[in-house]
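Trainee: This is what each chain is made of:
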Amino acid sequence: MEPGVMEPLSGAWLVAHDAFVALGVLAFAVSGALLALQKRMDIVGMAGLAVVTATGGGMLRDLLIGATPVAALVDWWMLVVALGGALLVFLLHRWMDRLDRPVLVFDAIGLGIFAVEGAAKGLEHGMGPVGAAFVGMLTGIGGGILRDALANEIPAVFRRDSRLYLVPALLGAAGAAAAGSLGAGNWLVLGLIAAGVTALRIASELLR
Amino acid sequence: MEPGVMEPLSGAWLVAHDAFVALGVLAFAVSGALLALQKRMDIVGMAGLAVVTATGGGMLRDLLIGATPVAALVDWWMLVVALGGALLVFLLHRWMDRLDRPVLVFDAIGLGIFAVEGAAKGLEHGMGPVGAAFVGMLTGIGGGILRDALANEIPAVFRRDSRLYLVPALLGAAGAAAAGSLGAGNWLVLGLIAAGVTALRIASELLR
Amino acid sequence: MEPGVMEPLSGAWLVAHDAFVALGVLAFAVSGALLALQKRMDIVGMAGLAVVTATGGGMLRDLLIGATPVAALVDWWMLVVALGGALLVFLLHRWMDRLDRPVLVFDAIGLGIFAVEGAAKGLEHGMGPVGAAFVGMLTGIGGGILRDALANEIPAVFRRDSRLYLVPALLGAAGAAAAGSLGAGNWLVLGLIAAGVTALRIASELLR
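The listed protein sequences derive, respectively, from chains Y, D and X.
Residue numbers for the first sequence follow the working numbering, so the first one is 1 and each next one is one higher.
Residue numbers for the second sequence follow the working numbering, so the first one is 209 and each next one is one higher.
Residue numbers for the third sequence follow the working numbering, so the first one is 417 and each next one is one higher.
Treat each hint with caution, since some may be false.
So the derived label-pair ranges between C-beta atoms look like this [what the hints assert, rightly or not]: (1) Y:Ala203 / X:Leu504: 28 to 36 Å; (2) D:Ile362 / X:Asp434: 37 to 45 Å; (3) D:Ala407 / Y:Ala199: 51 to 59 Å; (4) X:Ile570 / D:Ser412: 23 to 31 Å; (5) Y:Asp42 / X:Trp511: 49 to 57 Å; (6) X:Ala594 / Y:Ala203: 53 to 61 Å; (7) D:Asp305 / Y:Ala203: 54 to 62 Å.
On the chain D side, residues computed to face chain X include the following (Cβ under 10 Å) [stated by the list, open to error]: (8) Ala280; (9) Val282; (10) Asn360.
Rather than coming from a laboratory, the hints here were simulated on the basis of the structure.
Each residue gets a CB set at the ideal place from its N, CA and C atoms; glycine is no exception.
Just chain Y, same shape as in the assembly (with noise of 0.2 Å):
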C-alpha cells in the first residue's frame, strides 16, 4: 500500500473535508457537554468535557500514526467550535426536557464522522488498509471513551445494554479504508459512509 492513494486535497475538497471534520466536532462537543449536564457539572466542566470529548479521538488517531503535532494543537479552529458546542448547550438547555436521546444523536453523528476521516488519514500516512480501518474504528470511539470515562461512566463501548457501538464504527472505518485503497475515497463516498454509521448506530438503540 503505497502512501498518497488518498487524492491531496485543495480547493473545494479542502473546504468540504474542514467542513466535514468540524461538523464531527461541533456533534461530540455538543455530546461532551450534553453529559457533563446531565452528571450537573458547572459551565467549566460542560466546556472542558466538550473539548476533550471532541478532540479526543482525533488526538488519539494522530497519536497513534505519529501526525504530531497533533491537529487540535496546530488547527484551533476546532477548540473554537467545540466551545461553540458547548455554549450552545448552555443556552439552549432549558428547552430540552430529556438528555439522553440528545446524547445519542450527537454522539452516532460524531462517531461516523471520525472513524471514516480517521480511516482516510490514517491511509494517507502510509498505514495498510488493515491499520487505517483500525485506527478509524479508535478515532470514532476514542472521543466517547474519553467522555465516558471523565464523567465517571462506563465507556458505552463496554456497556453490555449498548452492543452496537464498536461495531458501526468499525464498519465504516473499514468500508472507508477500502474506498480510499481502492481510489474511491473522495469526501462524497466518505460522507455517504459516514452517514451510514450514525443512522446504523441510532437504530440500533431505537429499534429493540
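Keeping the supplied structure of chain Y fixed, place chains D and X upon it in accordance with the hints.
Mentor: Just chains D and X, lined up with the frame of chain Y:
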C-alpha cells in the same frame, strides 16, 4: 509565529529551567504520594502514584507536540526526584494529622509550574500562542487527572466542588504563551506567572 | 549509551522475536477476554477488551519512545492473534469453573514478555539503561492497567492486596536493559528473564 521564539537555554538559564521543572516534579510527586497514603496504598503504590503524577503531565505534553522520546525517559533525574518525593512523604507522614491540605498545596505548585513550562515548550516546538496555551493547560492538569483517575477519584478538574482548577492553569498557560510570543518569556517572568497560578488555585479553595 | 546496542534482528532471531511477542499478545488477549467474561460483557466487549489489553502496553511504549506509527497498526497480525485469543476464550470458557486463576496466569505471562521486550525496544531506540527499564516496566503494566480501568476495576498495580505487580515488571525490565547494555541482549537471555518475571508474579499471589 516562528519556532524558536523562546531564547535557547544556556548557562544560568538552563540551570534555572531545570530547577523550576524539578520543583514541579517534586511537588506533584508529593501530592501523588500523599493521595496514595490517604487511599491506604503501600509503599509501592506511593512510589508508583508519585511517579505517574510527577511525569504524567509532561509525558502528555511531549506526546501531543511530538517531542519523543518523552523528557521523563531521557532526563531520568526526574524519576529520581519523583521517587525522592515519595520517600520524603513516607518518612514524614507520621507528623501530619490531615492530608487534604498538603495535597492541595503541592498540587497547586505543580499545576502552576507545569502550565507555564508546558506552554513554553509548546512555543519552542513551533506551536502558535493558542495551541501553546492549550498544551500548557493540559500539561498542568494532566498529572493530577492521571493521579486521581488511578486512585479511583473523580479528577478534581471535573468535580463540582472544585471549580477553579482548569481556569488558573489556562490563565497561566495563556500568560506564558503571550509572554513567550512577545519575546518576554524568560524564566523570571515565567516563574512569577507560575506563582500567580499557585496562589489563585489555593486562594480559590481557602476563601469560600 | 549508543543506539543500536541490541544487535539488529535477522533470520532465526527475528522469528524468535515475533514468536515471543505473539505469545505475549495472546496471553494478554486471553486475560482481557476472561475479565470481560467475568464482567458479563458480550462477545464484542470480549474482543474489544482482548485487543486493548494485548496492544495497549505496546502502544504506550511506542508512543513514549516516538516509534510511530505504533507497531499494532503496522504489524496487523497482532490484531489477528488478539482476536484469536478472544475467540479461544469464547469457545472454551464453558469448561472453566473459576476465572480468577487463569486471568492471573495469562496476565503474568504477558507482564513478563512485554516488560522485557519494552526495555529491549527502548534500547534499540537510543534510550539509556534507566529510561529503557522505565519504558519496559510501563510496557509490561500498561495493557493490564488499561484493561482494568476499562472494565471499571482498580488496576492491579494500585490494589493493596496485589503488591508484587510493579516490582517483577521493574526487575525484569531492568534486567533486560542491563543485559542489552552489556551486549548480552539475545532472545534466549531475554526469554529467561521474562520467565522469571512470570514465575515471581504468580508465586507472589499463590504463596501467601
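Trainee: It remains to establish, for every hint, whether it holds in the given structure.
Mentor: The hints, checked one at a time:
no. : hint                            : in the structure
1   : Y:Ala203 / X:Leu504: 28 to 36 Å : holds, 32 Å
2   : D:Ile362 / X:Asp434: 37 to 45 Å : holds, 42 Å
3   : D:Ala407 / Y:Ala199: 51 to 59 Å : holds, 52 Å
4   : X:Ile570 / D:Ser412: 23 to 31 Å : holds, 30 Å
5   : Y:Asp42 / X:Trp511: 49 to 57 Å  : holds, 52 Å
6   : X:Ala594 / Y:Ala203: 53 to 61 Å : holds, 57 Å
7   : D:Asp305 / Y:Ala203: 54 to 62 Å : holds, 58 Å
8   : Ala280                          : holds, 8 Å
9   : Val282                          : holds, 6 Å
10  : Asn360                          : holds, 5 Å
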